[in-house]
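> Okay, here's what each chain looks like letter by letter:
2 protein chains.
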Amino acid sequence: MKGEPEHNVAGGCRARTPSALHCAAMFQYRLEDTQGSARAGTLHTPHGEVPTPAFMPVGTQGTVKALAMEEVEALGARMVLANTYHLYLRPGHELVHELGGLHRFMRWDGPLLTDSGGFQVFSLSAIRDVHDDGVDFKSHIDGSTHTFTPERVMDIQRALGADVIMAFDECPPGGCDRVTAEAACDRTLAWLARCRDRFDVLQTEADGPAQALFPVLQGNVYDDLRRSHAERTLGMHDWKGYGIGGLSVGEAKHDMWRTLEILDGVLPADRPRYLMGVGYPDDLLEAVARGCDMFDCVAPTRNARHGTAWTSTEGQVNLKAARFKRDTAALDPMCDCTTCSRYDRAYLRHLVVASEWLAMRLLSIHNLRFLVRLGEEARTRIGNGTFEGWHVEWLERFRKERSNQ
Amino acid sequence: MKGEPEHNVAGGCRARTPSALHCAAMFQYRLEDTQGSARAGTLHTPHGEVPTPAFMPVGTQGTVKALAMEEVEALGARMVLANTYHLYLRPGHELVHELGGLHRFMRWDGPLLTDSGGFQVFSLSAIRDVHDDGVDFKSHIDGSTHTFTPERVMDIQRALGADVIMAFDECPPGGCDRVTAEAACDRTLAWLARCRDRFDVLQTEADGPAQALFPVLQGNVYDDLRRSHAERTLGMHDWKGYGIGGLSVGEAKHDMWRTLEILDGVLPADRPRYLMGVGYPDDLLEAVARGCDMFDCVAPTRNARHGTAWTSTEGQVNLKAARFKRDTAALDPMCDCTTCSRYDRAYLRHLVVASEWLAMRLLSIHNLRFLVRLGEEARTRIGNGTFEGWHVEWLERFRKERSNQ
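Protein chains in written order, with my numbering: chain S, 1 to 405; chain G, 1 to 405.
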């Protein structure tokens, strides 16, 4: 710690301190309770603590769709994700940096994570060339040509200034052949070394924020690749946390669960595990049961856009259904969100059917709160030893109701 | 008053009292100050008081687009408008009634006004037949056929249950020929008598809310028609207030101002005058100077959808402009709305350019607050005798800045 006083580490690591490098000690994960493989812990960041399991709302373009950040905070979200690919293209990472960084830009003073942009490059940009140096791609907005390399992605995420940033990885489609999966593992590992080198240099700069770099684990659905890629990644560095990539990309559910079980045996207990792109409520709970701590997904807001909501009592419902026309009950009687406190199903249905802007907002608040609350309840139950029975019952009820729709 | 105690009139006129008819005394307008033709007053309604001049946000389909009603209240709006045509078609006035009325349905406990649907029938529905009994029209949603008569429109607005309801009128296009304008005046007057008769019957029903019926003044841009239609309307009944229709429908601005000056000379001082469908900030202020008290318009939210905002310092601006890219100032440094308090132009521009949902919401809050505040300031200045000089300067500055864009 080179003589930095401890209280600086605890309290003085907001953006732009001169001791950014030393603040790396900030990104500690404290494992507090376990039940089976399920874990409850706390991730410390320069912008606050994140109790886990934690669902992170996605603020793709520097805004969680239709919501103000006060609402995101009010619904209990502790950490938010933003997309490097989108912000790099628009408004540009340099502009965000110039305007004081992403926290300031999007008015979020809590913990913030940016992804590497890799997943979007592989899924959104139509034309691309993947080579050892990086990826050439065309913007989905205007067709302009860009290149992401590991170094460039570190520079961009440095400029954005999130607390946790992700390494640039190659993410082949779910169910790709083994040769492709293996090549992607090797490339991801080579890129990771370059990310780390650039990250280390950037963290020595005097005027930037303290950040933690998480690697992304690949290997598709091939168990030995998953194991070897995780072991090789662990062997490279004592990372502050691990992103689990290449899941929820088209593979079978049982492949996802088996992969998580393998990784649970390999990953260190005292580091957070971030399952990228998951998920739906039942998937989130299945993953918590298999040792995952952090999650993100656009499903809550995307479903809201289609009038779909999750409920404790009826599983997933679509508000367009005629049966809600005269229904003056709360959307979810078990929910404590502002939507369920103030509005009834009949009015929500009207907003959805009339394609009103407010529908998107009210359903997004509820769906996000549903996942955040699921993480909170899982955490409580892991703490008091009631997770195992509860999570099985919860999954059964949620799936049974869904199949009844 | 048939022996009803006065305190019932003042405090007991929320929806569904048995003495609805007697509560008509509630809709008193107290004229408090004047300067020239400009007026400051207070309209009393069963759901609260409305200090005038007052801009009323439009909640077309039972929601002010993109906003929660708490936000509408927080930005200082005291009375809100909803559209009979839209709510009749979707979700249906009977359903709204069954669910407890429009106040409850849309979560707005303050003063509420519904229009007659006439304007929408004439502007939105593609095919129609206007006859002495009413108007046959096709829904703009599904093409289904409907008929509005004066009686039907009273029934619908009774079911919705707003505090102030509007008579069914015929509104010909701005600049129509004199014969058309005169025929519309006659028909509007005949329909008004039928509205009043039905309204009187409905108000004797024991289980409904106390409501006030405002007639709508027509006459297009023909001064003698305007004068005679107003006089004949006044002669029919001692109305609680007057809607000024057939303006802001394509006629020249000087025709609108001259018409308002004529009506200012005819209308009683102790009744509120509601200028329907106005407006833009400068039009609102011009109309206040000519004796109008209440206003509504979709421009604040429609402009927001296009990235346009009104400012005290730069007139009307479009946030898409490149000059806002690095602008960390508040949208309007003179504004006290939550958008101007929390966000800067650079971020608002990003939201607009990226077509983010939040842009619509933040700009709507600002634009609505801009008009509500303009009414508030006009009221203060009428009260302290500084309206005349101020309003001329305000108009000059606002228009100069707009022409500089």
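In short, the hints are calculated from the structure, not lab data. A couple of the hints might just be wrong.
To be verified - Below, a list of computed lysine-lysine pairs in the DSSO-like style, where the Cα atoms sit at most 27 Å apart: (1) S:Lys325 with S:Lys400; (2) G:Lys253 with G:Lys400; (3) S:Lys253 with S:Lys138; (4) G:Lys253 with S:Lys325; (5) S:Lys138 with G:Lys325; (6) G:Lys138 with S:Lys320; (7) S:Lys138 with G:Lys138; (8) G:Lys253 with G:Lys138; (9) G:Lys253 with G:Lys325; (10) S:Lys325 with S:Lys253.
Owing to the predicted nature of the structure, the values given are computational and were not obtained by experimental measurement.
> Against the earlier hints, flag every one the structure doesn't satisfy and list their numbers going up.
3, 4, 7, 8, 9 and 10
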